[in-house]
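> Could you slot chain B onto chain A? The hints should help.
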Amino acid sequence: MKIKKANAGALTNFEVLDFLRSRGAAKDPTRVIAPIAASEFKVYDYLVESAACNQTREHINEFLKKCQKYDLAKAEILNIINVRPSSPVEIDPIIEECEKRIGEGIEELIELVETVLPAPPSQPNTEDEVVADDGEQQPPTAAEGMETEN
Amino acid sequence: MFYLSLIEHTLRLPPQLLGLPLNEAIKGVLESLFLDKVIANLGLCISVYDIRSIDGGFVFPGDGASTYTVEFRLVMFRPFVGEIITAKLKESDSNGLRLTLGFFDDIYIPVHLMPNPSHSEPDPEKKNQVIWMWDYQEQKFPIDGIGEISFQVQSVTYPPIPVEQPKESKPFAPMVIIGSLDYDGLGPVSWW
Numbered sequence: 001m002k003i004k005k006a007n008a009g010a011l012t013n014f015e016v017l018d019f020l021r022s023r024g025a026a027k028d029p030t031r032v033i034a035p036i037a038a039s040e041f042k043v044y045d046y047l048v049e050s051a052a053c054n055q056t057r058e059h060i061n062e063f064l065k066k067c068q069k070y071d072l073a074k075a076e077i078l079n080i081i082n083v084r085p086s087s088p089v090e091i092d093p094i095i096e097e098c099e100k101r102i103g104e105g106i107e108e109l110i111e112l113v114e115t116v117l118p119a120p121p122s123q124p125n126t127e128d129e130v131v132a133d134d135g136e137q138q139p140p141t142a143a144e145g146m147e148t149e150n
Numbered sequence: 001m002f003y004l005s006l007i008e009h010t011l012r013l014p015p016q017l018l019g020l021p022l023n024e025a026i027k028g029v030l031e032s033l034f035l036d037k038v039i040a041n042l043g044l045c046i047s048v049y050d051i052r053s054i055d056g057g058f059v060f061p062g063d064g065a066s067t068y069t070v071e072f073r074l075v076m077f078r079p080f081v082g083e084i085i086t087a088k089l090k091e092s093d094s095n096g097l098r099l100t101l102g103f104f105d106d107i108y109i110p111v112h113l114m115p116n117p118s119h120s121e122p123d124p125e126k127k128n129q130v131i132w133m134w135d136y137q138e139q140k141f142p143i144d145g146i147g148e149i150s151f152q153v154q155s156v157t158y159p160p161i162p163v164e165q166p167k168e169s170k171p172f173a174p175m176v177i178i179g180s181l182d183y184d185g186l187g188p189v190s191w192w
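Those sequence lines, one after another, are chains A and B. FYI, the numbering for the first sequence is 1 to 150, going by our numbering. FYI, the numbering for the second sequence is 1 to 192, going by our numbering.
Bound conformation, chain B alone:
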């Protein structure tokens, strides 16, 4: 689920941070730049693991801040295809399920990757939501919001940033994970 990535970046250290020890100041700037942001093809940045080297410290003319070239490692969240992850149900509608990990919400299980055969029934409690049921051997197993759901990662995509978005559409998701429930041992943990 998690990988280390080695990155080199040239960053500006704002003058108000110059009072701190260098390591801490640079770490602070790196965290504000990368934490909780998605880097294309690398994944979601969770944390700054360590700083390998700091170079530079030049002050360019006309600038009050010093510039450093830093080499550091980031802990990235990037599941591999075929990995099994347990997550909680966030919402379920006629297009499929949406699961959340707490720190990452854009996990979708589309209709064609649900356990086969299954059908949906309108949820009596919430409007616009449906409950998916798995029909197995004459019995119905509902996918409810209690407990965790195991799914297998089918693909991880990084859609390109749209230039303009119509108002009121879903906020743009820079990293989308498509999962599948269509295998033995997948689905709500309580089933197995």
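With the rest of the complex left out, here is chain A:
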């Protein structure tokens, strides 16, 4: 076995998730039929719960264009796309020498992340709002469903 190129390109979590989905990975019971190995499913399960599951190629491209003015390293951009930080304290460990290089612009960067990249499924702020709405809506729809059936 010869290693021709150890690093032929970095992949965001979204790209790996997209690749697995295009081969047929899914959450539901059809997974037994899909040509995906059990170990690949474990990776799929991990990615589907991370920030990558709601992203699309357009989101990533838009983010890449807009964050150019911050002069971030490629690894830092990759990390931000994968983690999708929603507050300055989350971005601090990602960017080296954050205070010196970005300082005040950190709020702008967080806003850029929040507007361009979709929120992951389990982030507390958005989840509370969604749960509140669903809690109110669910009983009426269930009742309506039963009435139409009858």
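There may be inaccurate statements among the hints.
[What the hints assert, rightly or not] Examples of chain B residues lying across from chain A (beta carbon under 10 Å, computed):
(1) Q16
(2) L33
(3) S47
(4) I51
(5) G102
(6) V176
(7) Y183
(8) D184
[What the hints assert, rightly or not] Okay, derived cross-link-like pairs now, DSS-like style, lysine-lysine, Cα gap no bigger than 25 Å in a straight line:
(9) B:K27 x A:K27
(10) B:K27 x A:K2
(11) B:K88 x A:K27
Since the hints were derived computationally from the structure, they do not count as laboratory data. Ideal Cβ positions, reconstructed from N, Cα and C, are used throughout, including at glycine.
Frame of chain A, contents of chain B only:
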């Protein structure tokens, strides 16, 4: 977290697979050879991304199988030093924490890389396990098993395969990630 690696390999295609279209047969053999295995300094192989070229197809004398030289790309899991990853707690003992990603279990947070200062308390529920608490401003924050934990990758090592292992020791881990929790924004997501 994930990289593509370009690999060239010479492989034998067992005769019973010759009925399948060539691409599929080769992909199947590559998957059984590389999937879920660690390649030193490249990382854990997740998936075969694509096959670039297939060469050969010679049958050597005395062999029933044909031999191909294949160039292909693999999706490798290899976090870079300084990357932030969220993982779940697997076990915690007096040496530190062990985290899991579902597909990868050997992530260790040693005692000296825990948030400083912190101390451990014996876990009332499970024997041999301790709960680590972070002492910050007179308050104690426990690192419990609920929710995910963010850590920063300190190093990725590939210990050499041991020749003999004493019985009942931990199964050999070909790839070990050492992480750190000692920074703002790291640790259980619920803290921040």
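> Each hint needs a verdict: does it hold in this structure or not?
Checked hints:
Here the hint on B:Q16 is broken, as its CB sits about 18 Å from the closest CB of chain A, past 10 Å. A hinted interface residue such as B:L33 counts as satisfied when its beta carbon comes closer than 10 Å to some beta carbon of chain A; here the least separation is about 9 Å, so the hint holds. A cut of 10 Å between beta carbons decides the hint on B:S47: the least distance to chain A is about 5 Å, and the hint holds. The restraint placing B:I51 at the interface with chain A is violated, with a minimum CB-CB distance near 13 Å, outside the 10 Å limit.
Restraint check, B:G102 versus chain A: the minimum CB separation of about 4 Å is within 10 Å; hint holds. Evaluation of the B:V176 hint against chain A yields a violated restraint, the C-beta minimum of about 18 Å exceeding 10 Å. Checking B:Y183 against chain A: minimum C-beta separation of about 5 Å stays under 10 Å; hint holds. Checking B:D184 against chain A by beta carbon gives a least distance of about 5 Å; that is within 10 Å, so the hint holds.
Pair hint B:K27 plus A:K27 holds up; C-alpha atoms about 24 Å apart against a cutoff of 25 Å. About 17 Å separates the Cα atoms of B:K27 and A:K2, which keeps this hinted pair within 25 Å; it holds. Between B:K88 and A:K27 the alpha-carbon distance is near 20 Å, which keeps this suggested pair within the 25 Å criterion.
Going down the numbered hints, you'll see the structure goes against 1, 4 and 6, while the others check out.
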